[in-house]
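For chain A, the structure is supplied; the task is to place chains P, D and Z on it using the hints.
Protein chains in written order, with numbering that gives the first Met the number 0: chain A, 0 to 152; chain P, 0 to 152; chain D, 0 to 152; chain Z, 0 to 152.
Distance windows between CB atoms, simulated:
hint, chain 1, residue 1, chain 2, residue 2, range
1, P, Q48, A, E123, 33 to 41 Å
2, P, Q6, Z, A118, 26 to 34 Å
3, Z, A49, P, E17, 51 to 59 Å
Here are some, though not all, of the chain D residues that point toward chain Z, as calculated from beta-carbon distances under 7 Å:
hint, residue
4, A36
5, N37
6, E38
7, G60
8, P89
9, A90
10, S112
11, V122
Here are the computed lysine-lysine pairs in the BS3-like style, where the Cα-Cα straight-line distance is at most 27 Å:
hint, chain 1, residue 1, chain 2, residue 2
12, A, K55, P, K55
13, Z, K28, Z, K55
14, D, K55, D, K28
15, D, K55, Z, K55
16, A, K74, A, K55
17, D, K28, D, K74
Source of the hints: derived by calculation from the structure; they are not laboratory data. Glycine is no exception: its CB is placed at the ideal position from the N, C-alpha and C atoms.
Number of protein chains: 4
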Amino acid sequence: MTVEAEQAIPAVHRGEDEVPFVDIGDGNKLRVLQVIANEGLWIVENIFQAGYEVQKHRHTGPVWGYTTSGAWHYKEYDYVNRAGSFLYEPAGSEHTLEALEDDTRVWFHMYGSNLNLDAEGNVESVFDGPGTLEAYYALCDAEGLPRPDVVTG
Amino acid sequence: MTVEAEQAIPAVHRGEDEVPFVDIGDGNKLRVLQVIANEGLWIVENIFQAGYEVQKHRHTGPVWGYTTSGAWHYKEYDYVNRAGSFLYEPAGSEHTLEALEDDTRVWFHMYGSNLNLDAEGNVESVFDGPGTLEAYYALCDAEGLPRPDVVTG
Amino acid sequence: MTVEAEQAIPAVHRGEDEVPFVDIGDGNKLRVLQVIANEGLWIVENIFQAGYEVQKHRHTGPVWGYTTSGAWHYKEYDYVNRAGSFLYEPAGSEHTLEALEDDTRVWFHMYGSNLNLDAEGNVESVFDGPGTLEAYYALCDAEGLPRPDVVTG
Amino acid sequence: MTVEAEQAIPAVHRGEDEVPFVDIGDGNKLRVLQVIANEGLWIVENIFQAGYEVQKHRHTGPVWGYTTSGAWHYKEYDYVNRAGSFLYEPAGSEHTLEALEDDTRVWFHMYGSNLNLDAEGNVESVFDGPGTLEAYYALCDAEGLPRPDVVTG
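The shape of chain A in the complex, shown without the other chains (with noise of 0.2 Å):
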């Protein structure tokens, strides 16, 4: 009995253009590659600017963050990423991201759900892929962009 797959699957490809950048204030900047809701799977690109800032929150599932240009920090720790650093970010971790420089370009390979923390430490808000991707395409139509396509499986 053999039970491999004839079939190979295709790879999947979106160039730069295909999938572009939207402001999400400021010149801080937004593309969203690829959610697979079922999974928890999101996979964005971002540009910040210096000062930029992102709520402390928490993981519920790992992320990956994969810089390529600029710096930035989380306020927590003393390290910078910077143009090559690989950041590795396990379920239970728990951050305020900081952009220390213009132009800082990082891919984030997240599973699971941003849980936003008030002082207290209670969860004030919840951001997934399914709510990012809506609010990408939402900033896509107010930019006249026609709607990307995503990889959405």
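Chains P, D and Z only, in chain A's frame:
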């Protein structure tokens, strides 16, 4: 260049007696088989008595349930899980568990966290693998059981 | 900006009768509950009769086995899987399955492929989720069963 | 019963200089950022020179490629990966990599093994994370570099 590891990694076995069930109230039981904190993975087995309820919660990662005896359902759906039932709960699924028969036994293979929701849909509390493991150990201690050798890697 | 999805994703249930066991020879049985081809996920349940063997194989992803009746072991290890046994087989684990009692029933939750090894350790064949699903469908057809509604997303 | 872990798990950072590229022949380069052997996860970054080829292989788990400079393609497809390209290679995908420009730089986030195929489609060899890590360490030793602190959990 051969780049497959020489050494096979061993499989890890736990017999039923090595990881005992503890009472979580009214004859309902829990045992925790594995927690990989970094991955957000937690695997538990429950024995529920008729009428047991789990607060409405939303999953941030995928979950699988394998039922081996009894009957239970999610109040939001018509189907009933019985011996041999397979249940796939994608990330983003949301429901309220109710046991319908005594000695209902279910394996849960879970990624991510349970966001426990109040009547307005706000996150009231969060359950995750490491927290559940701490609770399990405390319940073992309280019953005078030796600390079980839960798989944590 | 609220970025959590509004809509909860439904959970997916299959009762034991909806996804039947088929004979894979000598009273040994297989049913395939779920295959997510893109992720390399495949979930099956087996019923083995005493003496049944699975060729030595190496896993390329992690695998979990939940035994609910009977007895089986890997020839390479001393422990025996019985009702209530939990088994974690990391990626890179390698072993030869042998059933020790009739009506040994096991759920397998698997990522990746089985690399079936000959006596010299060469890869003789490969089993994966999509190939196993094709084989399962063919066996259902051969038994005159309607095509079962295996979860494929 | 509160069952979320008290302690946040720290994130793990590696700067570009901490995990150096090594030469794998003809100016092509590799560095290995992370291997979680049990999960089948391996994350590498490559710098390819024009004309570099990787033997046709099949993936047993999903793979993602983030290109940050240069140009490369799979011979089986028309599209070209350039700076900003996103590539999703599902489990079961199969292809032959060729670099088209010098200093082509790509992050690969991989689950499972590469099954290297001969002209008849037989598995000639297997590459996995632990084996690639061993090879990387050996190349570091050969270049007289200190052993890099690859993330292995």
